[in-house]
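Given the sequences, and given the hints that come with them, work out the whole structure.
Here the sequence shown is numbered in the UniProt record's numbering, starting from 1 and rising by one per residue.
Since the hints were made in silico from the structure, they are not lab data. These numbers were taken from a predicted model, which means no experiment stands behind them. Be a bit skeptical, because a hint or two may be false.
Said to hold, decoys possible - Between beta-carbon pairs, the in silico distance windows are: (1) 150 / 53: 28 to 34 Å; (2) 45 / 91: 31 to 37 Å; (3) 36 / 106: 19 to 25 Å; (4) 106 / 43: 19 to 25 Å; (5) 133 / 32: 27 to 33 Å; (6) 65 / 45: 30 to 36 Å; (7) 73 / 150: 16 to 22 Å; (8) 49 / 71: 30 to 36 Å.
As the list claims (entries may be wrong) - List of simulated lysine to any residue pairs, SDA-like, C-alpha gap at most 20 Å: (9) 63 / 40; (10) 125 / 40; (11) 63 / 27; (12) 125 / 136; (13) 63 / 149; (14) 128 / 72; (15) 125 / 106; (16) 147 / 127; (17) 63 / 126; (18) 147 / 84; (19) 147 / 93; (20) 63 / 91; (21) 128 / 93; (22) 147 / 70; (23) 128 / 33; (24) 125 / 139; (25) 63 / 33; (26) 125 / 66; (27) 125 / 104; (28) 128 / 96; (29) 147 / 94; (30) 63 / 92; (31) 147 / 52; (32) 63 / 124; (33) 125 / 43; (34) 125 / 31.
Backbone N, C-alpha and C define an ideal beta-carbon position, used for all residues, glycine too.
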Amino acid sequence: MTTTRITQLPTGRGGRPPFRRSAVQTGFRLTIDDRLGIEQLLRREGTRSAPNPPLLNGLLRHKLRISRGAPEPVSPDLAVAGRHVTYMISGEGARTGVLSMNPIPGPGYVPVASLLGATLIGMRKLQKVPLLRDDGQIDVVVVLDVKPSPVRDAT
1 MTTTRITQLP
11 TGRGGRPPFR
21 RSAVQTGFRL
31 TIDDRLGIEQ
41 LLRREGTRSA
51 PNPPLLNGLL
61 RHKLRISRGA
71 PEPVSPDLAV
81 AGRHVTYMIS
91 GEGARTGVLS
101 MNPIPGPGYV
111 PVASLLGATL
121 IGMRKLQKVP
131 LLRDDGQIDV
141 VVVLDVKPSP
151 VRDAT
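Structure below.
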């Protein structure tokens with residue numbers, strides 16, 4: 001008679017899958033207004049002019065699922081709609097723009113209805129995360145600075 005011993009693969013700490021992170025660990029925070037703005041973009045198909053709408057929609061839904069609520073008053077280092085964000089992508093030079101829920105991009109704005117804007121919304125100063133690109137590549141984006149926007153109609 002042969003006895004077989006079945007071995008299970010380890011699932012990481014606490015019985016959770018090793019690569020799945022909780023909302024607490026991701027570090028993204030969305031204000032109520034930003035959460036509502038993202039939901040409206042998805043509901044009104046505000047992403048249809050993006051180069052890859054299915055990918056962007058998936059990213060926005062994922063951001064809604066993994067992000068925690070931002071406490072009021074909103075921290076000054078949090079990237080929210082209407083704030084001026086300075087960021088750097090994979091070692092390129094620093095860039096800047098105002099995060100906007102308007103799906104039609106204008107000069108000086110980073111629409112949340114883009115892969116870059118969808119990634120930046122809810123990040124904090126000096127936070128670094130993967131950035132999906134339209135061509136399927138993955139870069140890294142870091143938020144260098146967040147300031148109030150001098151323009152009030154950014155959202």
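For each hint, the structure was consulted:
| no. | hint | result |
| --- | --- | --- |
| 1 | 150 / 53: 28 to 34 Å | holds, 31 Å |
| 2 | 45 / 91: 31 to 37 Å | holds, 35 Å |
| 3 | 36 / 106: 19 to 25 Å | holds, 21 Å |
| 4 | 106 / 43: 19 to 25 Å | holds, 22 Å |
| 5 | 133 / 32: 27 to 33 Å | holds, 30 Å |
| 6 | 65 / 45: 30 to 36 Å | violated, 20 Å |
| 7 | 73 / 150: 16 to 22 Å | holds, 19 Å |
| 8 | 49 / 71: 30 to 36 Å | holds, 33 Å |
| 9 | 63 / 40 | holds, 14 Å |
| 10 | 125 / 40 | violated, 26 Å |
| 11 | 63 / 27 | holds, 11 Å |
| 12 | 125 / 136 | violated, 26 Å |
| 13 | 63 / 149 | violated, 23 Å |
| 14 | 128 / 72 | violated, 23 Å |
| 15 | 125 / 106 | violated, 24 Å |
| 16 | 147 / 127 | holds, 15 Å |
| 17 | 63 / 126 | holds, 19 Å |
| 18 | 147 / 84 | holds, 5 Å |
| 19 | 147 / 93 | holds, 18 Å |
| 20 | 63 / 91 | violated, 24 Å |
| 21 | 128 / 93 | holds, 15 Å |
| 22 | 147 / 70 | holds, 17 Å |
| 23 | 128 / 33 | violated, 23 Å |
| 24 | 125 / 139 | holds, 18 Å |
| 25 | 63 / 33 | holds, 14 Å |
| 26 | 125 / 66 | holds, 19 Å |
| 27 | 125 / 104 | violated, 26 Å |
| 28 | 128 / 96 | holds, 16 Å |
| 29 | 147 / 94 | holds, 15 Å |
| 30 | 63 / 92 | violated, 25 Å |
| 31 | 147 / 52 | violated, 29 Å |
| 32 | 63 / 124 | holds, 14 Å |
| 33 | 125 / 43 | violated, 29 Å |
| 34 | 125 / 31 | holds, 16 Å |
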